[in-house]
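Taken in order, these protein sequences are the chains called A and U.
Taken in order, the first sequence gives residues 1 to 809; the numbers are from our numbering.
Taken in order, the second sequence gives residues 1001 to 1288; the numbers are from our numbering.
The set of hints was computed from the structure by calculation and includes no laboratory data.
Any given hint could turn out to be false.
What follows is a set of in silico ranges between Cβ atoms, one per label pair, in the way DEER data are often shown [said to hold, decoys possible]:
no., chain 1, residue 1, chain 2, residue 2, range
1, U, Asp1239, A, Met724, 40 to 50 Å
2, U, Leu1045, A, Ala142, 19 to 29 Å
3, A, Leu75, U, Glu1026, 16 to 26 Å
4, A, Val737, U, Leu1045, 23 to 33 Å
5, U, Leu1045, A, Gly411, 28 to 38 Å
6, A, Asn809, U, Pro1104, 33 to 43 Å
7, A, Asp549, U, Leu1045, 45 to 55 Å
8, A, Ala589, U, Pro1104, 40 to 50 Å
9, A, Glu477, U, Ala1231, 51 to 61 Å
10, A, Asn809, U, Asp1239, 17 to 27 Å
11, A, Ala142, U, Ala1148, 38 to 48 Å
12, A, Gly785, U, Ser1064, 58 to 68 Å
13, U, Leu1045, A, Pro47, 48 to 58 Å
14, U, Ala1231, A, Gly411, 31 to 41 Å
A few chain U residues facing chain A, derived, Cβ under 10 Å [stated by the list, open to error]:
no., residue
15, Thr1005
16, Thr1043
17, Ala1046
18, Ile1063
19, Lys1189
20, Tyr1193
21, Arg1267
22, Met1270
The beta-carbon is built from N, C-alpha and C at its ideal position, and this holds for glycine as well.
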Amino acid sequence: MNDQTKIDQDRAERTEKLQGMGCKRKRVEDVRFTQGKGSYVDDLKLPGMLFGDFVRSPHAHARIKSIDTSRAKALPGVVAVLTAADLKPLGLHYMPTLAGDVQAVLAEEKVLFQNQEVAFVIAEDRYIASDATELVDVEYEALPCIVDPFKSMDPDAPILREDIKDKMVGAHGPRKHPNHIFEWQIGDKEATDAVFAKADVTIKEMLVDHRTHPSPLETCQSVASFDKVKGELTLWGTFQAPHVIRTVVSLISGLPEHKIHVIAPDIGGGFGNKVGAYAGYVCSVVGSIVLGVPVKWVEDRMENLSTTSFARDYHMTTELAATKDGKIQAMRVHVLADHGAFDACADPSKWPAGFMNICTGSYDIPTAHLAVDGVYTNKASGGVAYRCSFRVTEAVFAIERAVELLADKLGMDAAELRIKNFIKAEQFPYQSALGWEYDSGDYHTAMKKAMDTIGYKELREEQAKKRDAFKRGETRELMGIGISFFTEIVGAGPAKNCDILGIAMFDSAEIRIHPTGSVIARMGTKSQGQGHETTYAQIIATEIGIPADDIMIEEGNTDTAPYGLGTYGSRSTPVAGAATAVAARKIKAKAQMIAAHMLEVHEGDLEWDVDRFRVKGLPEKFKTMKEIAWAAYNNPPPNMEPGLEAVNYYEPPNMTYPFGAYFCVMDIDVDTGVAKTRRFYALDDCGTRINPMIIEGQVHGGLTEAFACAMGQEIRYDEHGNVMGASFMDFFLPTAVETPHWETDHTVTPSPHHPIGAKGVGESPHVGGVPCFSNAVNDAYAFLGAGHIQMPHDAWRLWTVGQKLGLHN
Amino acid sequence: MIPGTFDYHRPASVEDAVALLARLGEDANILAGGHSLIPLMKTRLASPEHLVDLSGIGNLKGISVKGDEVVIGAMTTQFELISSEDLGRHIPIIAETSRLIADPQIRYKGTFGGNVANGDPGNDMPALMMCLGGIYSVTGPDGSREIAARDFYQGAYFTALEHGEILTAVRIPIPSPDHGYAYEKLKRKVGDYATAAAAVVITMAGGKCTSASIGLTNVSETPLWASDAAALLVGTSLDKASVDAAVAAAEAITQPASDMRGPAEYRTKMAGVMVRRALERAQSRAKG
Chain A
1 MNDQTKIDQD
11 RAERTEKLQG
21 MGCKRKRVED
31 VRFTQGKGSY
41 VDDLKLPGML
51 FGDFVRSPHA
61 HARIKSIDTS
71 RAKALPGVVA
81 VLTAADLKPL
91 GLHYMPTLAG
101 DVQAVLAEEK
111 VLFQNQEVAF
121 VIAEDRYIAS
131 DATELVDVEY
141 EALPCIVDPF
151 KSMDPDAPIL
161 REDIKDKMVG
171 AHGPRKHPNH
181 IFEWQIGDKE
191 ATDAVFAKAD
201 VTIKEMLVDH
211 RTHPSPLETC
221 QSVASFDKVK
231 GELTLWGTFQ
241 APHVIRTVVS
251 LISGLPEHKI
261 HVIAPDIGGG
271 FGNKVGAYAG
281 YVCSVVGSIV
291 LGVPVKWVED
301 RMENLSTTSF
311 ARDYHMTTEL
321 AATKDGKIQA
331 MRVHVLADHG
341 AFDACADPSK
351 WPAGFMNICT
361 GSYDIPTAHL
371 AVDGVYTNKA
381 SGGVAYRCSF
391 RVTEAVFAIE
401 RAVELLADKL
411 GMDAAELRIK
421 NFIKAEQFPY
431 QSALGWEYDS
441 GDYHTAMKKA
451 MDTIGYKELR
461 EEQAKKRDAF
471 KRGETRELMG
481 IGISFFTEIV
491 GAGPAKNCDI
501 LGIAMFDSAE
511 IRIHPTGSVI
521 ARMGTKSQGQ
531 GHETTYAQII
541 ATEIGIPADD
551 IMIEEGNTDT
561 APYGLGTYGS
571 RSTPVAGAAT
581 AVAARKIKAK
591 AQMIAAHMLE
601 VHEGDLEWDV
611 DRFRVKGLPE
621 KFKTMKEIAW
631 AAYNNPPPNM
641 EPGLEAVNYY
651 EPPNMTYPFG
661 AYFCVMDIDV
671 DTGVAKTRRF
681 YALDDCGTRI
691 NPMIIEGQVH
701 GGLTEAFACA
711 MGQEIRYDEH
721 GNVMGASFMD
731 FFLPTAVETP
741 HWETDHTVTP
751 SPHHPIGAKG
761 VGESPHVGGV
771 PCFSNAVNDA
781 YAFLGAGHIQ
791 MPHDAWRLWT
801 VGQKLGLHN
Chain U
1001 MIPGTFDYHR
1011 PASVEDAVAL
1021 LARLGEDANI
1031 LAGGHSLIPL
1041 MKTRLASPEH
1051 LVDLSGIGNL
1061 KGISVKGDEV
1071 VIGAMTTQFE
1081 LISSEDLGRH
1091 IPIIAETSRL
1101 IADPQIRYKG
1111 TFGGNVANGD
1121 PGNDMPALMM
1131 CLGGIYSVTG
1141 PDGSREIAAR
1151 DFYQGAYFTA
1161 LEHGEILTAV
1171 RIPIPSPDHG
1181 YAYEKLKRKV
1191 GDYATAAAAV
1201 VITMAGGKCT
1211 SASIGLTNVS
1221 ETPLWASDAA
1231 ALLVGTSLDK
1241 ASVDAAVAAA
1251 EAITQPASDM
1261 RGPAEYRTKM
1271 AGVMVRRALE
1281 RAQSRAKG
């Protein structure tokens, strides 16, 4: 073995020991999760703790005539019953939403959706609290309700929000009707209309991304504990953004922010459900402040599905204009957005429709216009980003269905049409017609790899044969090939256009190296299952050469963690991951000075080698990071302050734009409407890959939720505003049996502006998956002239498609 | 989803259970596994003051062959139905159906008697018992009596069982060893009740159907015995026209509710599709 081989081998061994970026490190948090040793909000038991439960409205829209709490208060074990009348003197019967609206904490004069919170019973145990909710007598006068958002702005529509009926300018500009929330427009309307007026080919379709709900296994919950002596509030809760919650609690309660300790312990999934502030959090806080003892609130499954934060409910009139040979010239979209009874969307404040303007997708569309009208209805509020960046699933669904419809009209292959219109690799950074600067991409390479791997040409040939066989009556099965080529926009975001309640959407990392060379790092984000304790440590390991196993990652305690905006919209890696790398580099720079002092050379004479600085040309003279850490505390260079730590608040210069090519092969039994996914192939490009195993897990999870949304998951209301199917009896949460097998693949196009080139991946599979499934279903029926088939594609709806086409006769 | 307050009783014998039910009156419910009752209690659609758990009564469990019948104790779990060699040999459709009930965890706790006795039209065993001609043995304060499965179901959660009576066992005649059978169940996902399901048992001789019985699950307020549909098959070769006629006759007696599984029209048609598919499989299994 020659010297160089020896050196290389030694370096490889040291690199492997670090378990840094790019390695399939096992998730360290799973040691406790797989043993049932996680510590969740509901595990918390405090001395004297009381339990709260809500009295909820059976009506979708009704006037409250009276509330009588006397029977409930008389039940032994009941300590208090809060109503709006108790909260009003404190100014807490309404709370601000993230979207610039206010939301009732407890209904005052009216209820506006079924299961709305009307009173909060506090009792000695969970069972008594629940019994007592049945003893609160509320007299209602039912009012006509609005379920269909297209009727919200009818001239004779009942006015829902009497509290703001005279306020004709909302947080996002003028309101056209008392039930109108905002109109938001972007792009060049005149130019777009002009292109459409003389285009060779146009398509126009109402694409509905139906109302559903992110359904983490752990529901929303909180424990508030107010110390009357110290005047301090400790609030444990299921918070995806604990610091934001602290600030909001301070703003609405008047307690100084330093006397509020917000702690998010282990969280059992979020998917956007745990970004917002809910009545239960406020009531547990008020209960504890009033009573001086801890108060716990734990939502049950039906409450979770029917009240806290729905997703989607976008009704998108989508148009494309193209030349006859398939070059897309313009896109025009109008969205009617059903926001429910309050505008409680969890979007960056300036973006009432999130990043819906990513709807030009992966295509070089020179001209576009988007308008969004938000309206109130008698439904639960929300509009959260369900495993996606803000409204990006909706946007990608619109463009990816629209290109299929265009391909159908042009008689072109849907893959070919996409390739023809892709933004080319040399066009990045690419300015989109609706205002975004795409950082990097290589769409043609990804698409080619995906098509070759799935065997696209052969699948189309098989499909042609099956279609003929179907026409001849030899089979009752339809084969669909779904394609989706998506571009996400994640990592909110640059302060210039992203804030929440005025707080710029930076994120943070604080890294502290202990004298013995082990590390604690704290973040402004909060994992809900993403594996942050594993992946952030890998970034630090690679950056500063300390093994990931010697690095502890801590999140969720606002007293110790640096301020951050939390985890949603795939922002942890793009923003806090960048902060982590930058903070680590600050430490490394100081370490280099210390090493130079120890080795008695000039800093410039040192070079970095995996886990150590060594003297150039003298490889045997080196100091490991571990040695440097000891020296940093005990033997720093003269005039240098001791210690080895750094903090970084990272303000991203741009969003990141992950992308991917997905293919789905589906077989549908026309007689039952049952669809079976034969294959699903997902190629993701999330830039630099920190942990391939975690990426694969994220892709599996995101695809499973996409499968659910596309194929049956929904929150439906009947004509009276009764919420249907809000339990796991009906709400489609696929089990391992229903979930298809996933084939995953990747290309790597690093983000040019991110310190480690990473883009984020947790939400891509959901964003790309939903239209892929829907396209497969639509493709299966397309040759029969079915036209656009709305989601969700559950069996009875697909059977109905066949029925309308006369396939069952 | 927090149940109201209740007292829990666990008698050791059928006599004790009957006496308890007589003493506690209408506010007592029998707990025989709980997979229908407990969800109703958690949503407070049912708020019994007393639960009388039958799991402590040893002699309510077990499967035995007696002459030309199989007798199944009411507290036999669905898992035990699946693993019984006697049942597998004589009436294999019971295991086939049991495997389609809920999921393995529930089948370890869910009981045969609970499934047939509580009158939930979504349960799978009632239609199967009607198909097979099962006889329910019932004990109450006035002694024991027998009720045919085909006479037992009167409405959703409403049966011929009087309050205070306990279903103790079910007698099922063993079909011809040459019989063909199938249980076809359409459901949205594992654990779901049927959108529609059909149980079919037939015998064939010389290419002709010599007997047929069809049960339908969850397409009416009660499980259904589709006797007219079955009668249309006897004497035929199960040719397309005969099967079409039987399917139409089966569809005609359904009265499903529109729910999240689909509108009534769909569920009726699915009952027909399930009958057709069950017949195909039953025919392929029938000897003779």
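Item checked: Hints not upheld, ascending by number -> 5, 8, 9, 13, 14, 17, 18
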